[in-house]
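Here the protein sequences come in this chain order: A and B. The first sequence begins at 9 in the numbering used here and counts up by one. The second sequence begins at 34 in the numbering used here and counts up by one.
Source of the hints: derived by calculation from the structure; they are not laboratory data. Bear in mind that the values here come from a model prediction, so they are computed numbers and not experimental data. Beta carbons are placed, not taken as given, at the ideal position from N, Cα and C, and that holds for glycine. It is possible that some hints are incorrect.
[As the list claims (entries may be wrong)] Here are the simulated lysine-lysine pairs, DSS-like style, with alpha carbons at most 27 Å apart:
# : chain 1 : residue 1 : chain 2 : residue 2
1 : B       : K43       : B       : K338
2 : B       : K130      : B       : K43
3 : B       : K484      : A       : K23
4 : A       : K75       : B       : K130
5 : B       : K305      : B       : K411
6 : A       : K124      : A       : K83
7 : A       : K83       : B       : K328
8 : B       : K424      : A       : K161
[Said to hold, decoys possible] Cβ-Cβ distance ranges computed for the label pairs, FRET-style:
#  : chain 1 : residue 1 : chain 2 : residue 2 : range
9  : A       : G191      : B       : N37       : 54 to 64 Å
10 : A       : K23       : B       : G173      : 47 to 57 Å
11 : A       : S73       : B       : V80       : 45 to 55 Å
12 : A       : R24       : B       : T491      : 45 to 55 Å
[To be verified] These stretches of chain A come out as covered by chain B in the derived footprint (C-beta under 8 Å, 3 or more residues):
#  : stretch
13 : 55-67
14 : 81-93
15 : 96-106
16 : 121-135
17 : 189-197
So the chains spell out like this:
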Amino acid sequence: MLRFCDFSKTYKGGKRAVDSLSLHVEAGDLYGFIGHNGAGKTTSLKAACGILDFEEGNIFIGGISVKDDPMATKKMIAYIPDNPDLYEFMTGIAYLNFIGDVYGVPAKERNERIGKYADMFEISADLGTQIASYSHGMKQKLAIISALIHKPKLLILDEPFVGLDPKASHLLKQVFAEMCAEGSAIFFSTHVLEVAQKLCNKIAIIKGGKLVVSGKTEEIVGDGSLEEVFLELADMEGGEAGEA
Amino acid sequence: MKRNFWNLYKAQLSMMLWAGKKNPKNKKRVKARSASGTIVAWVIAGVLIALYEYIFMSMLYVEGNTAVFPPLVAMFAMFLTLLTSVSYAKALLFEAKDHDMLFALPIPGRTIVAAKLLTMYTLDSILNIVMLVPCAIFYGIFERPHISFYIYYFILMLFVSLIPILIASIISALMSIIASHFRHAQFVTVILYVIFLCGVMGFSMTVGSSAGGNEDVLVGAMFEGMLSGLSSIYPPLAWFKEATMEGSLSSALLFVGVSLLAFSIVALVFGKFYGKIHELFRPRAVRRKYKSSEKSSGIMLALMKKDMKRLFSSATIFMNQLIGLLMLVVFAVMFSIQNFGAEGEEVAELFSIMFPFIFAMAAAMVNDTSTSISLEGKTFPLLKSLPVLPKEILRSKLYLHMAFCAPVILVCGIAVSIVNGLPIIGAIATVVIPLCYAYSAGVVGLLINLKKYKFDWTSEVTIAKNNLPMVLTMLGGMVLSIEPMVIALGLYFAGLPLAAILGACTALAVIFAVVMTLLMNALGEKWFLKIEY
Numbered sequence: 009m010l011r012f013c014d015f016s017k018t019y020k021g022g023k024r025a026v027d028s029l030s031l032h033v034e035a036g037d038l039y040g041f042i043g044h045n046g047a048g049k050t051t052s053l054k055a056a057c058g059i060l061d062f063e064e065g066n067i068f069i070g071g072i073s074v075k076d077d078p079m080a081t082k083k084m085i086a087y088i089p090d091n092p093d094l095y096e097f098m099t100g101i102a103y104l105n106f107i108g109d110v111y112g113v114p115a116k117e118r119n120e121r122i123g124k125y126a127d128m129f130e131i132s133a134d135l136g137t138q139i140a141s142y143s144h145g146m147k148q149k150l151a152i153i154s155a156l157i158h159k160p161k162l163l164i165l166d167e168p169f170v171g172l173d174p175k176a177s178h179l180l181k182q183v184f185a186e187m188c189a190e191g192s193a194i195f196f197s198t199h200v201l202e203v204a205q206k207l208c209n210k211i212a213i214i215k216g217g218k219l220v221v222s223g224k225t226e227e228i229v230g231d232g233s234l235e236e237v238f239l240e241l242a243d244m245e246g247g248e249a250g251e252a
Numbered sequence: 034m035k036r037n038f039w040n041l042y043k044a045q046l047s048m049m050l051w052a053g054k055k056n057p058k059n060k061k062r063v064k065a066r067s068a069s070g071t072i073v074a075w076v077i078a079g080v081l082i083a084l085y086e087y088i089f090m091s092m093l094y095v096e097g098n099t100a101v102f103p104p105l106v107a108m109f110a111m112f113l114t115l116l117t118s119v120s121y122a123k124a125l126l127f128e129a130k131d132h133d134m135l136f137a138l139p140i141p142g143r144t145i146v147a148a149k150l151l152t153m154y155t156l157d158s159i160l161n162i163v164m165l166v167p168c169a170i171f172y173g174i175f176e177r178p179h180i181s182f183y184i185y186y187f188i189l190m191l192f193v194s195l196i197p198i199l200i201a202s203i204i205s206a207l208m209s210i211i212a213s214h215f216r217h218a219q220f221v222t223v224i225l226y227v228i229f230l231c232g233v234m235g236f237s238m239t240v241g242s243s244a245g246g247n248e249d250v251l252v253g254a255m256f257e258g259m260l261s262g263l264s265s266i267y268p269p270l271a272w273f274k275e276a277t278m279e280g281s282l283s284s285a286l287l288f289v290g291v292s293l294l295a296f297s298i299v300a301l302v303f304g305k306f307y308g309k310i311h312e313l314f315r316p317r318a319v320r321r322k323y324k325s326s327e328k329s330s331g332i333m334l335a336l337m338k339k340d341m342k343r344l345f346s347s348a349t350i351f352m353n354q355l356i357g358l359l360m361l362v363v364f365a366v367m368f369s370i371q372n373f374g375a376e377g378e379e380v381a382e383l384f385s386i387m388f389p390f391i392f393a394m395a396a397a398m399v400n401d402t403s404t405s406i407s408l409e410g411k412t413f414p415l416l417k418s419l420p421v422l423p424k425e426i427l428r429s430k431l432y433l434h435m436a437f438c439a440p441v442i443l444v445c446g447i448a449v450s451i452v453n454g455l456p457i458i459g460a461i462a463t464v465v466i467p468l469c470y471a472y473s474a475g476v477v478g479l480l481i482n483l484k485k486y487k488f489d490w491t492s493e494v495t496i497a498k499n500n501l502p503m504v505l506t507m508l509g510g511m512v513l514s515i516e517p518m519v520i521a522l523g524l525y526f527a528g529l530p531l532a533a534i535l536g537a538c539t540a541l542a543v544i545f546a547v548v549m550t551l552l553m554n555a556l557g558e559k560w561f562l563k564i565e566y
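Just chain B, with the same shape it has in the complex (with noise of 0.2 Å):
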């Protein structure tokens, strides 16, 4: 029994960790050169997140409201263990396609749950200490704590991801269920994965701005009001205060014992009705008389459509890929209620330096291409089957890439230079700059991938999530935003015309567009015709 436990819980986190790399042989060399590309992403995140919080931590102390930090960074841990809860879920438990071949074997349903649960657990859990960690040394760094807050904190973290586990569950179940009722099953699970992602966004951003109604609202008060205003939505993340900040123990026994007694609730009831439960998981396949086609497509329009139909076939897929449209929509609609057009021309000219690399962030963070040679699995060597030029095949990759971004990138960029009455050379550089990120992280991503790709997946999940060339994109296109926008800002404030920084900021996000675009003739097509599968 404990034997098959960890034998399961062994490969289902191996399956969802670096599985995808061909090794028939089962070379010990190349399950660590697979292993060591997830380790490297997951550092590199952790270093940026690290950088980051350290930014924030400093910025925190000259307020004087560092207090706030480490509940901050844990309601974040929460938050993010919820949304990729939601696709772990689906992948491991209700939608798992392993499911019949492990219902199969001389195995109790409750080991198998119990393994995969603990693997979800796993998996949040580095992104957990990934985040965590790093908040508790800058804050002791800072503060120096009585030795308290460290037993709490490091003794509480390995339990926050337990009650986001456990909503996400369930609501990833009665999306599963809604869902299976539909004939295009996956694409409504897509849809109700937007409305659910759209709600957690927009509530956090009610509690958020309802908490910073003053004008010179500090950003600590303003995260303060935030974390006071949930933790009377979500009382553990108010006990993991109390605990960890005041050195609280009922209310670190009630964090331990209610997250627990959630998690523990999740792995009975999955484990004792499982079987039973998951037949109101399995899409009801309807058999349909097809309808013809009365027109052909291009070979380019043909290879978009089905890319396009990849994408809209999983949801973890679709929101991994897409989440920078979703998150570039929820920025332009933030700037654009606040309307800070009213404030003044300089407010208009600062807001016209930060505008385009807060756009271009989440531009860049649009991955699809990062992993669209890898998600072609075991269908590649079809792919390659087929009469069409390598080089056609990763431009429709691009082109479907721009498709998405380009209308929301435009859309957006207009709507916000008009709300907030940017210059003219602001308005040129909200919509040029994010449309050049946009297209530069495309190429990248689409070179990483047809460098790093894997093809022996089971699960989308270990690709869209877990995935080498889409941390590099995303966290690249990241880095190239902030630190540009920072010099930027600096070079406003040391009394350099608006004009100039940003027709020099625009002119150097083209020429890196047209210099990737040269990098891709040179190098896609030689490195797309290497691959053997």
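The shape of chain A in the complex, shown without the other chains (with noise of 0.2 Å):
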């Protein structure tokens, strides 16, 4: 579903921030993507969802490369980006549907899953109010909202649990694991180790730009905890790239 291909990212002014990854999430994978913060998981995020250029390796989603035909493999995805900002002068109801609008959702559809997830995540009553009074809490959950409306094959996602309560995290959980079911894949950030390994079934870990290790959460993390193992690949000098 989602192919890094010796992808590597530098910023103007010579920051390399992401060099040669190399990356495999199948449909149906919830794969968690851990990091020191500036370890380069926030640009390869972006870049794989189009919001970044590239100029080295590519990125493939479903088969179509994001550099050939942006549109295409946007049309496939939902980005959740680290911290919600969103159209503060809309309200809540019309952000989704100006979202919807955009991805071609009908507004039956539309309408159903809107009423559907609102009320899961308990912000029905909010709306019909101006996102700029929402809470951090608030936005996000409208942002999650608005990358489900479309039904998504690739959900991509930095730290989407910061700011979010615990009801809606242990719902956040429950989503991905039906959507994963139902064959779409799952491709986010975090920080939060216990919950990565919980929940995902791969996990790759970046630092300084270059992968340390991906694979099979069991196969990573074995009989210790993934805290352990992130905190012993983090001291090692440089990245050594494998496959566990």
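Hints in hand, dock the two standalone chains.
Structure, rendered in structure tokens:
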């Protein structure tokens, strides 16, 4: 579903944020992407979503190159950034309708999904008010609902659990499980290692822009904890890519 | 206490003047580049203002009525301060986004308010200096006044904005309080702002027209009448005139004293009660059950609706971007009421040349596209992540721009053409030339903004007011409408037929719009994709 092939990104000024990243997220995968602050996680996610341009390597979504046909790949995905910067001048429902219009979701289907997820995340009563008055958690919930409106085949999320209350976090995990069971893939970055260990069937750890390890969670973690593995790998000099 | 005040003042001023350029490493080069954009915009504005002041001064000199010039420019400066301070007061005082953050700091409320008021005063003073200094220079060159003129003028110049700031703060506070009672508070503020602006424009027009009743009225005499009319309502204007032109010390002291008193009242009242009265400005967020939409829109309509909602979400954005349309309507009303058509064919022909360019100037001042990329702000990555082609995004912004401009230009153009009995070619030019200018200004503004964008702003006033793309587009529009009008009038008086002049002007405007379209097609998408945030 999502494949990074020797993807590298160098920012203006020469900073190499990601160096030769190769990774494969298959349909049905719940894939955790872990790394320090500034490791290159957000850069990789943004490049996959077509937000950041890149020169080296390639990224494929559903077999289509993000470089060659960004519109086709964007239609298959939904992206939730780490900070839910939404259109604050809109009401919640206006924002969801805007996203629905852009993805061409028919009104009936859209309303059904909005009703379902808004009730699930207990935000129905606030959809008529301006996003500017929302708390961080409410904005995060709205961003999640907007990402689910068009039933994406691949959901890309940057720190999705930040700002969510325990109940909403639990519900989001349920939604993830349902989506993966239906054949969608989820690729998300997180700092919460316990969540990644419990939730993800696959994990990748990135350090200084280089992939340190990737593969099935149980194979990477073994009998220990993800925290131990992460700290051990993080203390290693440089990044040495490897499949577990 | 003092250190806190100056730190706050510096932070507020830089936020309003040149914040917005992403600079995570706080590099001096990036700071300087960001600041230079604002400075360049001010310099260009200053040069153009000086140019028009020189032309105006020359006209008054020929009429032998130069004494009206300095107080007249001061009057315009006061008007502009009043208009701009309403939005500054909203952004800095009543609906400031940094309110909670600042009031959580161990700094007294009065220090915060004082820093914000000084920021407002500084911003308005920049505008006043840009307007008033060239005026003194030209008056000095033409009239060689006594040294006392310069002393009084340059001292009083520093106090010109104080009373308008007081009035603007009160008006802005009232608007915020009224709007906070409505569910769509921002939309109500926009409406109130439009009413306020129309009121100010209508009032000044009434005072001006009542002063210039006779047929052969001279420009200087007309403005003199306007000045005396306004002076009777707003005495500080009379004090300014008496102090600078007649060297009256008592008037100078009155002007300075009352100005300082007014400013002190604002500082003291807001400083003492700001925390409490700020609660009055908070919109009452009402939780309401949302209404589902029964129909879905296409991508283009969805993008246009989004940008339109942003436009109506802030009075500052709305007024700064659509001020040209309001001016266009005011001009149309003015030209229709005066009914120049009754004065014969020659006058109708003259106005056939003037109306298209006057309308074009107003249309080119509609600058929503020149800020539309910057106003995406931190939501730009969201826009980029959507499955929408960049050219569709850019096109939606231009369509919205024309959706605002085209109906107003059509209605106003046709109305003044009929009322003033313009010949057919004049009527066509009055509609087509402004349409082409509006479109071209939209494209130019968008292209400049794609190159000169700012996303890291906290207040949209930074983008809507102190913004290089906007200033360049507006001033470019002004230059490209006034200069061709002067040339066209020259050709008309040289004996060239009206149809040939207007035909050529219309054709040139159309060609310019076509060239702009080709430029947009060639560069727009490329520049959009290059933006990294």
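Checked hints:
{"no.": "1", "hint": "K43(B) <-> K338(B)", "in the structure": "violated (37 Å)"}
{"no.": "2", "hint": "K130(B) <-> K43(B)", "in the structure": "holds (17 Å)"}
{"no.": "3", "hint": "K484(B) <-> K23(A)", "in the structure": "holds (22 Å)"}
{"no.": "4", "hint": "K75(A) <-> K130(B)", "in the structure": "violated (38 Å)"}
{"no.": "5", "hint": "K305(B) <-> K411(B)", "in the structure": "violated (35 Å)"}
{"no.": "6", "hint": "K124(A) <-> K83(A)", "in the structure": "holds (22 Å)"}
{"no.": "7", "hint": "K83(A) <-> K328(B)", "in the structure": "holds (21 Å)"}
{"no.": "8", "hint": "K424(B) <-> K161(A)", "in the structure": "holds (26 Å)"}
{"no.": "9", "hint": "G191(A) <-> N37(B): 54 to 64 Å", "in the structure": "holds (59 Å)"}
{"no.": "10", "hint": "K23(A) <-> G173(B): 47 to 57 Å", "in the structure": "holds (55 Å)"}
{"no.": "11", "hint": "S73(A) <-> V80(B): 45 to 55 Å", "in the structure": "holds (50 Å)"}
{"no.": "12", "hint": "R24(A) <-> T491(B): 45 to 55 Å", "in the structure": "violated (31 Å)"}
{"no.": "13", "hint": "55-67", "in the structure": "holds (count 5)"}
{"no.": "14", "hint": "81-93", "in the structure": "holds (count 6)"}
{"no.": "15", "hint": "96-106", "in the structure": "holds (count 8)"}
{"no.": "16", "hint": "121-135", "in the structure": "holds (count 6)"}
{"no.": "17", "hint": "189-197", "in the structure": "violated (count 0)"}
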